[in-house]
Structures are given as structure tokens and as C-alpha cells.
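Asks: The primary structure of each chain is shown beneath.
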Amino acid sequence: MAVDSSQFPYYSFNESANFQAENKRIIIAPNDSLFLMIINTDSITHGFNIKNYVGVNRTILAGDTAYVSCSFSVSGMHIYYDSYNYPNNRYMGLSGMIVVENSTASKFFWNIKEHQKLWNKFISTGTAVTWQNYYPDYFTINGKSNPHINSDTTARVIGKLGDTIRIYIANTGQSVHSLHFHGYHSSIIYSSKHPIHVGRLKDTFSVYRMESLILELIPDQKGEYPVHDHNLVAVSGGHIYPNGMFLTILIQ
Amino acid sequence: MRKIVIFFLLILLELHSVAQIDQSILLIARNSGTKQLADSSNIRIFGFANSLSSQPNVPGPTLTMNEGDSIKIHLWNVSQGAPHTIHLHGLDVDQQNDGVPHLSFDVAHQDHGFYYFKAPHAGTYLYHCHVASTVHVQAGMYGLIIVKPPDGSNTTWSGGYSFDTELSLFMSEIDTTWHTDSVLLHPHDTSMTVHIVSIPDYNPQFFLVNGYSDQQIIENQIELNTDQNKISYLRLANIGYYGNRVIIPSQLNARIVSSDGRPLPQLEYSDTIYVYPGERYGVIVDPQSDFSDSIRIEYLNMNNLLVKGVEKVAVNVGVVGLPDFENKHITIQVFPNPFKDRLYIKMIINKSSKVQINIKDVNGKLVQQVAEKKYTPGEYKLSIENNALIKGTYFITVFTNKKELIIKKIIKQ
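Line by line, the protein sequences give chains P and C. Our numbering applies: residue 1 is where the first sequence begins, and numbers increase by one. Our numbering applies: residue 253 is where the second sequence begins, and numbers increase by one.
For the record, the hints were derived by calculation from the structure and aren't laboratory data. If you're wondering where the values come from, they're calculated on a predicted model, not measured in any experiment. Virtual Cβ for every residue (Gly too), placed ideally from N, Cα, C. Honestly, I wouldn't trust all of these hints.
Going by beta-carbon spacing under 10 Å, a handful of chain P positions derived as facing chain C [to be verified]:
id, residue
1, Ala17
2, Gln174
3, Leu179
4, Tyr184
5, Ile196
6, Thr248
Construct the complete structure from the given sequences, taking the supplied hints into account.
Replies: Listed below in C-alpha cells is the structure:
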């Protein structure tokens, strides 16, 4: 979905046999029991795990099925991912969100990630990569980049003055991303990596690899304002600007 | 008759807007600046200047205002090529004044643009061009905005922490391969507000603090000079494309008190602060003893978190203002002491003098020398690398006016 229509090998956790670049987003309430059946339809071994959740790590052989039960007592967000051949399989796309909450706020979801096209080709053919040399050239939110990401109604924030808006962000890539909001400060209401950051009111948010972050935005002015990675290399795609991690918020 | 009525209305509107402006700021955008780097090479830059007679620098002028002030920024684009804008980063201005070309407006060559806003909560903010921003920011079109409390006092914000001194450390990087005409002078269609631009790989070679790196930081006296029990406010900001890990000497008792122009709900005691692109942090320090050391700033590749560059900012607590030698011609101060691999000599010359600086061991044997040079009246700061010296005691002597003066006993650690 980059502006240059570039395509590269990609893996994903989907709910059906039809491939989609966006992983299944799981939304449950606190204390719900979540039962997962993970079917490996690939020809290679995969794994399954949930970040910071003990006892659910699984190895799943080609064609095999694994079962996972879990429950979360408090609101938050968690990343499930392929733990096999780490981080390669997870980098190839196998990582998604488990959202735990029951608020009435408007909800939007950003699974942010970057890709080095050549790396995807290498990993998909079993060629070794050296992560120290990683230099991504595509940057996506929910598998899409600017301008296409603005058509994703689950990602593009549209709201009204005074709305309570929650944005669920998971960094399932390898790089750190630094998301800057124009027009508004938002408060951090959950951080899987830095709980001490909860309550901070900011306009720019660093999101580490495998970190999940929940922001609350209560817009106090109308308008259309960008949100983008302020590592400005990440607002390009295939070395072309503007592309990448850049979308807009529309408050009417 | 109808035309006359409209004329009077316009006059009234103009008088109204002029009356509300507390501060008017002129920023001239240019794309033909030159910047000298730490290796003495020169690169082409884009940037902002605040008068027609001055050349742009990197970063641009720091804009200081008081919370609640009504501000007008007059952007005058005097650069042939792509248009420019001012994005007021973190100030949460309305869409019209946000500086994103396709959502507000851009300013073409020889054109003027005006941005109006009310200075928000006291804190540290940024401004930068948002046209083809990946290129124009790296080109140098950025600066710092400091919003003081409504009374302009040395206080972090109204009801916040009072401080005696403040120091801004504004980090960025330069990849010289981007500072070539083939990258900077990207194509632009004057009928479009979105410009499709080709971006090279980013591999910076120079890591900047307030626009300087390496010895330039010392030469430009970017340093924290304070005394014990005095409170200083550090403003840390990052406009680069790398992350920063800022490591503050533990003797400074650093507390992070604000970020992105807002107080933290609870202060955080930490001598290590990560500042990622676009972020700002406010840090209170109050040393309890005299010492000399440095703030270490590491530049982290966002893709692998490897340290690609390191810069140091000197910290002198209680050693500034106490000269080691003083007569009517020359005042000399040597620091830090003890020292590790670098020694600084600050000289104030009152009368043109030839000065030669010697480092001698305890037996009087010359072990290192700064060659004799004539200095005209002014203030100088010399940096002496001492990597080759073994640990021990030495003496600094200065040969001037045909006399050799012993200035100070120094200890290499």
C-alpha cells in the first residue's frame, strides 16, 4: 500500500484463510477468558506468544494447531506475536494487538511498523540478515502508509470537540518511532514499557519496539491536523516523500 | 457608496489586530546559507535569519516569549526554489497557523506569510519548515521556542520551580550528502502544495548540540557554569532523525520536571534522559558540591539503537569566576582539576600579549605545550588533549611578557 505500489513478502495472523496484511485485532474486556486456536497454514514452523504474559509460548509446526487460554484483569493493551525464529518471523508481520478494555471512548488503532524490502525477501527465502545493518525503507500503520492510511476508518481519528478519543498504538517493528501530534496534546493512559509515563501530557510520543501505548485525546479545537513520525525519514516510502507514517486527525 | 463602507471596515479590522500583538517576529527564509562544520568543511544549508543583512544559521534564532502573549511571526521567503512555512511544533495552534502546506498555506519566493497565535503554557517548543520536511529540516530550517511564564521570570512555569540559570541543549545531526544541490534543490510544482521528493539514505557524520559539534561546542562556550546550591534549568530538545540519550553527572541531582511544554504529573529522578525526535524535556539540576565533568549526549540510530555519535557539554560547578591567575594583562582559569583526557584553559586578555602554555611534570620537565601565539584583547578558551600523559601531578605554566608564571598544580586521573 505504499505510493510506489511496492510489494514484498509478508506474514500475518488472520481470522480466515484470506490473506490480509493487517493482523487480527482482538478486543476483550477485563477478566474475559480468551481462548485462541492458532493454525499454522504455512510450510515452516511458527510460534505464538504474548508479550509479558507468562505461560503461553508455543511452537507450532507446519500444518499444526496450538491452543492458548489467557485472561487480563486490568485494562491495557498487549502484543501477541510469532516467537519462533525471533525476531525474524515477528518482523515479517506476525504481530498484533490484544486490547483489554470496556470504556465508551471512541477507539482507533495503530499497529505501527517499518520494513526493509530487501530484508523481507531475504527472510522469506531463509537468507540470514544482520539486524545491526537494518535500514527500513517503508513505514506503515496497520499495513498502510500515507495517503492510503487515511482511508482506514479504524486508524484515522475523526471526532468532535470534547470527545474522549483513545488511540491504541503497538510498535511491532524493529525501530523506535516518535509520533508527533499537530494541534493537540494527548495524555498517556497506558504504557507497557514505562508505567511511570502514565499521566504525562505530551505532543510527541516515543514508542519502542514491542511497546504498547494507549493515548487519550480530548480535542479542544476543530481542524485537520497531521500525526506523523518525527524521525522524518519515516514519512517517506521507497525513498519518496511524502509517504510512510503520516495521517491526519479530523475534528469537526 | 458601497465601496466607501468596505474601506472603513478594513481599516477598523487592521487597527484591531495591531492592538492585540505583544510581539512581532521577523523570520527570513533563505536557501543559500553556508555552515562550517567541525572539520572546517563548509556545507550548503537552508535556514532562518531575523534580518535581511544576516545569513541563516543552524539552528535559526531562538524565539522567546511570555505565556499568554499574542505573537505575530512574519515569514519572508527570500529563497528561489520551493516555498517554505513555519510549523509551530507543540504550540497547538489552529489549523490555519499550523504551517502544514496542504492544510494551511505556504510562502513562495519573495512572498510574505503571517502566523498569529497566543503563546501557550510555559515550556520548550520548536519551529521548523513543513514543506518537504524531511529535506528542509535536515537542510537546517528549524529553531527553538522558549515560552516563559506570564511574568517572564526564571520559573519553569507559573507555580513551578524557580531557577538561577538555564541552558538549552538542542540536538540534531547533519548528513553532508544531503547538503548537495541534487538533494536540497528538489523539484516543486508551484501549483501544488504537496511536493514529491526523493530522499537519500540517512547516515549522519556530524552530531550537533545547538548547531555545533566536537571542539565547536567548547569554542562557542556551550557549557553549564553554575555554583553549588544554585538551581539550573536544562531544556533538552531533539529535532534530528536520531534519538538522544543524555547522561547527566550524578552530582547535578537531575530531576525531569516537564516534557513537551507541560509539567510531568510527578517528577522523575534520573541522570539518563532519552529524547527522541520532536520531544523536549525540562530538567532541574542543583549540585551540592564543586566539580567539573560533562553532560554526555549519545546519538542513537532509531533502527538498532546503536550509538553513532557522542558529544560532550562541559559542566563546571564552582570553578568559574575564580581565576587561577590574574594580573592587569591576563586572567587565566584552568579546569577541570583533576582531569582525565582533556583540559580547558579560559583566558581573558586585556592587552595584546604573546602567550605560551606549558605543562610540566614534578621534575620541571616539559611534557606538553601550546605554542606561543599573539592574542588580542578578548576571551579565549583553549582545549588541550592529554591522552598521552600518564596519571600523576603536573604544573601548568604560562610564558608571557618574558616571564614564566606557575599557574596551577593539576592532577591527571
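Asks: All hints, please: hold or fail.
Replies: Each hint tested on the structure:
no.	hint	in the structure
1	Ala17	34 Å, violated
2	Gln174	7 Å, holds
3	Leu179	8 Å, holds
4	Tyr184	6 Å, holds
5	Ile196	6 Å, holds
6	Thr248	7 Å, holds
Hint 1 from the earlier list is the only one contradicted by this structure; the remaining hints agree with it.
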